[in-house]
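Asker: Chain by chain, the residues:
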Amino acid sequence: MAMNGHSGPPGTGGSPGNDPARSQDCPRDPDHAGDDDLLPCGRSLDDVWADHEGAPGEAPEGHPVDCVHCTAALADLRTLDDLVQRTRAEDENTPAPDASALASRVMDLVRLELRPGRSLPLGEAEEDHWIVETAAARALRDAAETVAGVRAGSCRVAPAAGSGVRAPVRVTIEVEAGARRALPELAEAVRSAVAGAADRAIGMRVSEVDVVVVDLFDETGEDPR
Amino acid sequence: MPGNGDDQGDGRDADHTEGGGTAGPPDRLLAVRAGEGDEAAFEVLVRRHGPELLRLATRMLGSATEAEDAVQESFVSAWRSLPEFRGDAAFLTWMYRIVTNRCLNQLRSRRPVTHLDAVPERETPGHEGSPVRDAEAGAALRELSAALEGLSPEQRACWLLREMHGLSYEEIADTVGISPQAVRGRMFRARRALMEAMAAWR
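From first to last, the protein sequence lines are chains L and A. Quick note on numbering: the numbering used here labels position 224 of the first sequence as 224, and the sequence is numbered without any gaps. Quick note on numbering: the numbering used here labels position 77 of the second sequence as 302, and the sequence is numbered without any gaps.
Don't read these hints as lab results, they were simulated from the structure. It is possible that part of the hints are untrue.
Unchecked claim - Computed beta-carbon distance windows for the label pairs: (1) Asp66/L x Gly312/A: 48 to 54 Å; (2) Ser404/A x Thr146/L: 29 to 35 Å; (3) Glu395/A x Gly42/L: 27 to 33 Å; (4) Gly402/A x Asp128/L: 24 to 30 Å; (5) Ser334/A x Pro168/L: 23 to 29 Å; (6) Phe310/A x Val212/L: 16 to 22 Å; (7) Ser393/A x Ser104/L: 30 to 36 Å.
We put the CB at the ideal spot given by N, CA and C, even for glycine.
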């Protein structure tokens, strides 16, 4: 079978303008009910399938519950469902496709297009040492996450507005907080950890650390999202 | 969905974990960090979701080699777009969209040279093992893959995202850029075609 949008499945008829790939109509749309969707008993295949999926279809009043045509259509669907389940099980039992070579190739390409961000001053104002924003941000996120119940997301490091390029920087870090601690206390712990790391580990003068709690998560259970 | 970034609250040590399990920071945080230029965060996402995306692309394209190229290009394009990624959708759903569109474009560009009686290109080297084992373990898979080739690329995309990757109709609608009703229509036709293809072999 070719991968061709005009080759409909057998038995669906190839009437012009009824290309199954392009047509955006819905089988439940009254305008399109009928033709090949109707079983010999008069019910539409779509309704029978809807029953199967738990959304009751429109069984006509008095339609036999054990209608042979509906039953046969459902049996076909179950055969397909069964095959799907077996395939999914095979997927789970088969080692996932090895993506490590792929990941290495992707990262090789990504490293040709890094976005290191701006250079930020290291050390004292009169010195000439610099660190790129992404490297500083990574170290500061790590510092924030030394506080129990904290996950760091966005971390922006920039010279304070209106100051010179070698002026102390301002850090804005967004964190998700575990729900076990009072937030002001947690935010203060993050601020202190970040300021401490900037000063001692990185050697970057910081004028201000803003901590923004953007989400709460339940440390004991599932993620909120 | 596997690897969706669930975390037991002690993910900070997992920042530097190698490889793709589900441990480590949730996707949304990694995506934010990657958007700010942290390529290490991006690598975690690539390793975490690469296998799942490869499965999708392989079934879409019917070729492991082409699938690797498609997924590789999708990740590189994601890296470029991440600064604009606002996290409205989950990272994996966003990747499904990029990979699906890339596969669809590739399949559409193939169409003109595909004849009705052409034998579909089958790549088997990587999958060839013991024929007996293949016949048993991979039977369902191969029977289904053969039937899938009879679907239009658009039907196949909807069907795979729903049945193999567990997306909702709404998520699929976002992913392929059509209405949920249209997704429903494609699913209907895909199922009917698959059932008919399999009935023909019985």
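Asker: Now tell me if each hint is right for this structure.
Answerer: Evaluation of the provided hints:
The supplied range of 48 to 54 Å is met by Asp66/L and Gly312/A, whose beta-carbon atoms lie about 51 Å from each other. Take Ser404/A and Thr146/L: their Cβ atoms lie about 48 Å apart, and the range 29 to 35 Å is violated. At about 32 Å, the beta-carbon gap between Glu395/A and Gly42/L stays in the expected band of 27 to 33 Å. The hinted window of 24 to 30 Å between Gly402/A and Asp128/L is violated, with their beta carbons roughly 51 Å apart.
Checked against the hint of 23 to 29 Å, the C-beta distance between Ser334/A and Pro168/L comes to roughly 54 Å, which is inconsistent with it. Taking 16 to 22 Å as the suggested C-beta distance range, the pair Phe310/A and Val212/L conforms, at roughly 19 Å. The hinted window of 30 to 36 Å between Ser393/A and Ser104/L holds, with their beta carbons roughly 33 Å apart.
Against the hints set out earlier in the document, violations occur for numbers 2, 4 and 5.
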